[in-house]
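When you get a sec, could you build the whole thing from the sequences and use the hints?
Here the protein sequences line up with chains A and W, keeping their order.
For the first sequence, our numbering assigns the number 1 to the initial residue and increments by one for each residue that follows.
For the second sequence, our numbering assigns the number 1 to the initial residue and increments by one for each residue that follows.
Hints in this document: simulated from the structure, not taken from any laboratory.
Watch out, some of these pointers could steer you wrong.
[To be verified] List time: in silico EDC-like cross-link candidates among lysine to aspartate or glutamate, alpha-carbon distance up to 20 angstroms:
id, chain 1, residue 1, chain 2, residue 2
1, A, Lys132, A, Asp391
2, A, Lys420, W, Glu61
3, A, Lys73, A, Asp334
4, A, Lys420, W, Asp65
5, A, Lys216, A, Asp414
6, W, Lys50, A, Asp107
7, A, Lys176, A, Asp238
8, A, Lys216, A, Asp130
9, A, Lys39, A, Asp57
10, A, Lys216, A, Asp391
11, A, Lys53, A, Glu64
12, A, Lys241, A, Asp130
13, A, Lys65, A, Asp334
14, A, Lys230, A, Asp334
15, A, Lys218, A, Asp130
16, A, Lys431, W, Asp65
17, A, Lys352, A, Glu114
18, A, Lys420, W, Asp66
19, A, Lys431, W, Asp57
20, A, Lys150, A, Glu372
21, A, Lys431, W, Glu61
22, A, Lys118, A, Asp334
23, A, Lys352, A, Asp334
24, A, Lys431, W, Glu188
Since the structure is predicted, the reported quantities are computational estimates derived from the model, not experimental observations.
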Amino acid sequence: MKRSRLISVAALALGSALALSACSTTAAGGDKTEAAGAKLSFMVFETPALTAKFWDDTIKSAAEKVGGVEVQKVLSTGDRTAYAKQLLASNQLPDLLASINTGQLADLLVPYDEAWLKENFLIPDATAVDGKVYLPPVNSQAIPFVFYNKALFAKAGITAPPKNWAEFMDAVAKLKAAGITPIELAGKEAAWAASYPLVGTITADIIGKDPKWVQKLKKGEAKLTDANVKAALQKNVDLVKAGAYDPQALSVDFATANTNFVTTQKSAMYPMGTWMTGAGYIPADVADQFGVFPWPTDDGSVVVPITVGGTTSVNAKSANVDKAVAFAKQWSTDPKTQGVLVETDGAFPMLKNVKFSEYNAKVSPLFTAAFELATSDKVTRVNAFGQVVNDDALPGGVGDALGAVAQGMFAGADIDAFAKQLDDAWQKGMKG
Amino acid sequence: MSRRSESFRRSLGLAPLAWLAFAMYAVFLVYPLLYSVWQSFTNRSPLRLKPIFVGFDNYTEMFADDRFWMSLKLTLIVTVFVTVVSNVIGLLFAMLLNKNTANYRLMRTLVFIPQVLSGVIVGIIWNSMVTQNGLINVVIRNLGLGQGVGWVGTPELATMVVCIVVSWMTIAFCTVVYTASLQSVPAELYEAARVDGAGAISRFRNVTIPMIAPGVTISVTLCMITSLKLYDVLAVLTGGGPSNSTKSTAFYVIETAFSTNRFGYASAIAIFLLALTAVLSYITSGLLRRREAHL
Numbered sequence: 001m002k003r004s005r006l007i008s009v010a011a012l013a014l015g016s017a018l019a020l021s022a023c024s025t026t027a028a029g030g031d032k033t034e035a036a037g038a039k040l041s042f043m044v045f046e047t048p049a050l051t052a053k054f055w056d057d058t059i060k061s062a063a064e065k066v067g068g069v070e071v072q073k074v075l076s077t078g079d080r081t082a083y084a085k086q087l088l089a090s091n092q093l094p095d096l097l098a099s100i101n102t103g104q105l106a107d108l109l110v111p112y113d114e115a116w117l118k119e120n121f122l123i124p125d126a127t128a129v130d131g132k133v134y135l136p137p138v139n140s141q142a143i144p145f146v147f148y149n150k151a152l153f154a155k156a157g158i159t160a161p162p163k164n165w166a167e168f169m170d171a172v173a174k175l176k177a178a179g180i181t182p183i184e185l186a187g188k189e190a191a192w193a194a195s196y197p198l199v200g201t202i203t204a205d206i207i208g209k210d211p212k213w214v215q216k217l218k219k220g221e222a223k224l225t226d227a228n229v230k231a232a233l234q235k236n237v238d239l240v241k242a243g244a245y246d247p248q249a250l251s252v253d254f255a256t257a258n259t260n261f262v263t264t265q266k267s268a269m270y271p272m273g274t275w276m277t278g279a280g281y282i283p284a285d286v287a288d289q290f291g292v293f294p295w296p297t298d299d300g301s302v303v304v305p306i307t308v309g310g311t312t313s314v315n316a317k318s319a320n321v322d323k324a325v326a327f328a329k330q331w332s333t334d335p336k337t338q339g340v341l342v343e344t345d346g347a348f349p350m351l352k353n354v355k356f357s358e359y360n361a362k363v364s365p366l367f368t369a370a371f372e373l374a375t376s377d378k379v380t381r382v383n384a385f386g387q388v389v390n391d392d393a394l395p396g397g398v399g400d401a402l403g404a405v406a407q408g409m410f411a412g413a414d415i416d417a418f419a420k421q422l423d424d425a426w427q428k429g430m431k432g
Numbered sequence: 001m002s003r004r005s006e007s008f009r010r011s012l013g014l015a016p017l018a019w020l021a022f023a024m025y026a027v028f029l030v031y032p033l034l035y036s037v038w039q040s041f042t043n044r045s046p047l048r049l050k051p052i053f054v055g056f057d058n059y060t061e062m063f064a065d066d067r068f069w070m071s072l073k074l075t076l077i078v079t080v081f082v083t084v085v086s087n088v089i090g091l092l093f094a095m096l097l098n099k100n101t102a103n104y105r106l107m108r109t110l111v112f113i114p115q116v117l118s119g120v121i122v123g124i125i126w127n128s129m130v131t132q133n134g135l136i137n138v139v140i141r142n143l144g145l146g147q148g149v150g151w152v153g154t155p156e157l158a159t160m161v162v163c164i165v166v167s168w169m170t171i172a173f174c175t176v177v178y179t180a181s182l183q184s185v186p187a188e189l190y191e192a193a194r195v196d197g198a199g200a201i202s203r204f205r206n207v208t209i210p211m212i213a214p215g216v217t218i219s220v221t222l223c224m225i226t227s228l229k230l231y232d233v234l235a236v237l238t239g240g241g242p243s244n245s246t247k248s249t250a251f252y253v254i255e256t257a258f259s260t261n262r263f264g265y266a267s268a269i270a271i272f273l274l275a276l277t278a279v280l281s282y283i284t285s286g287l288l289r290r291r292e293a294h295l
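Shown next as structure tokens:
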């Protein structure tokens, strides 16, 4: 009897301890043993370019240079910011977070010191939220540029990439007439790629003319039901009506879209981020088969939708903030790490004191063309709508709504309803 | 020592185990549930330190939210389809596989496999079949039947695909439940019915159905609950698209909480879903149990 009671009490104690530990508010990686080095958790994500090996190698390299840290990867799901919030909700926000939307999570993060930013980056405040930088502005991408297949253009009798919207629609018509899918769309990817034509149009037509437009939206001085947004929506509906996309586009995921455009070359144009210029997406040996042009505007003015980003944000509640910041700084400024991002992910480097040759990156002619277009003196560079992580970051949920609206255009053409859908999402997001 | 005191001492010895179970139940179920109920009356956000009490505002907003009703409609369509189809086909499979030889045991194991797969794996498997260049379209093209179909490209087709995929999972569960039920029916009853001149349909109606009634109650109720809380398969298979058409209520809860940072509002929807599930399960299992008694 005594023994059974003892066992029961021991079980109760063990259960209670387990329960209490489950309720503990220690962040992931909070179990820090200084003797064995500070343990840091790092939320990362994998893509065709940013492979598990890339993360392992670069983390190992940065950890060795910082010293006294042990870094454990936490692999994120598709929406990194949403996944970070899930981890936050269970008190497991990692010490370091890769490429999250700092515009949504700024209150939880450590701002980087201005002196370090000015010393190391070409545009130190490119990712600033309310004047503070939570994500080192290490590199940038244009989202979207339009990539095109030179041979399919020639087959359809198109001699040069379109310079304005009218020429773009004309190219769509010619490609369609030649039996070629004019535009590839990863329409199944509701959270991001499905909306890229819409992102391109809004950025080129609205933000290109008024770079403060998103701020006006936030202040209530502009609305997503305004005429300029409806005009952008109408252009996208026109594309669907013109047969610009495969009728099955909404069943096409990112991998299939890449295959259709790069490998089997069924489609002629592909609005996508400039990571496509990296070897992880379009291999260098076939890159010269493709060209690039900006999302067209009515008057032919060139608007480059830029998003500046980096990888390493630091959780302000990390038990090892100093070590985490040191690791983040090392990871962000290592030319070797950034060189891999340039070569495989088509990142445009923005480190201040590093010459391009020092990245030791083998880039394709397509990368060079996109880089020259993005950095030309003759273009207007603006924040890409819905893609940036600075003050112009959209409220949570609006990005999803953009994708849903873009998908909805395949089933209907009610511009007012689409605008209202976006505006509703905006109003809800602003409450969050 | 009296028998009563001996019994008391024995129960006292086991009491800590019962308390342990109760404590775990309280910590892992009751507390989170009550916390969610409290949260549903606040504007809690993961990015705000102190939530503000907002009364019934979240519930009022929910009933006026088109997206919520859209998600509930999808959830109920999937629930009705999956519950009916899974149980009918599950019972059919169980009857076909109700033999106790090695071959049939192997086939029952194969039929059960979808049930042991996680929803994510099921989503990945079916995703590879229904995308533009997926298995089904490749077969259609190779047979010369056209360019294939955008299986998840329209709200109607995507909903149909979701219903089929979820049914594929739950049919396995129903088959196992009905197989167990069928194997517990005494062979003498069928023999007696046969002697009385009952045909196959009559034996099914008058012997099989009444005897497997408890299995029907379990299977129908659990299929219904599984469908009402559906999330993982949808997240992988369709991502809720196109145009939000395959976002279930559970999906909407997740999206509201983690995309728009509105834990309070998401909790209100979650509590509504919990209440709906409880009420529907209670009514369904109550009706089926009453039917069991009649049979």
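Hint check:
no.	hint	result
1	A:Lys132 with A:Asp391	holds (10 angstroms)
2	A:Lys420 with W:Glu61	holds (17 angstroms)
3	A:Lys73 with A:Asp334	holds (19 angstroms)
4	A:Lys420 with W:Asp65	holds (13 angstroms)
5	A:Lys216 with A:Asp414	violated (25 angstroms)
6	W:Lys50 with A:Asp107	holds (13 angstroms)
7	A:Lys176 with A:Asp238	holds (14 angstroms)
8	A:Lys216 with A:Asp130	holds (15 angstroms)
9	A:Lys39 with A:Asp57	holds (17 angstroms)
10	A:Lys216 with A:Asp391	holds (12 angstroms)
11	A:Lys53 with A:Glu64	holds (16 angstroms)
12	A:Lys241 with A:Asp130	violated (42 angstroms)
13	A:Lys65 with A:Asp334	holds (10 angstroms)
14	A:Lys230 with A:Asp334	violated (44 angstroms)
15	A:Lys218 with A:Asp130	holds (13 angstroms)
16	A:Lys431 with W:Asp65	holds (14 angstroms)
17	A:Lys352 with A:Glu114	holds (14 angstroms)
18	A:Lys420 with W:Asp66	holds (12 angstroms)
19	A:Lys431 with W:Asp57	holds (13 angstroms)
20	A:Lys150 with A:Glu372	holds (19 angstroms)
21	A:Lys431 with W:Glu61	holds (12 angstroms)
22	A:Lys118 with A:Asp334	holds (16 angstroms)
23	A:Lys352 with A:Asp334	holds (12 angstroms)
24	A:Lys431 with W:Glu188	violated (67 angstroms)
Of the numbered hints stated above, those contradicted by the structure are hints 5, 12, 14, 24, listed in ascending order.
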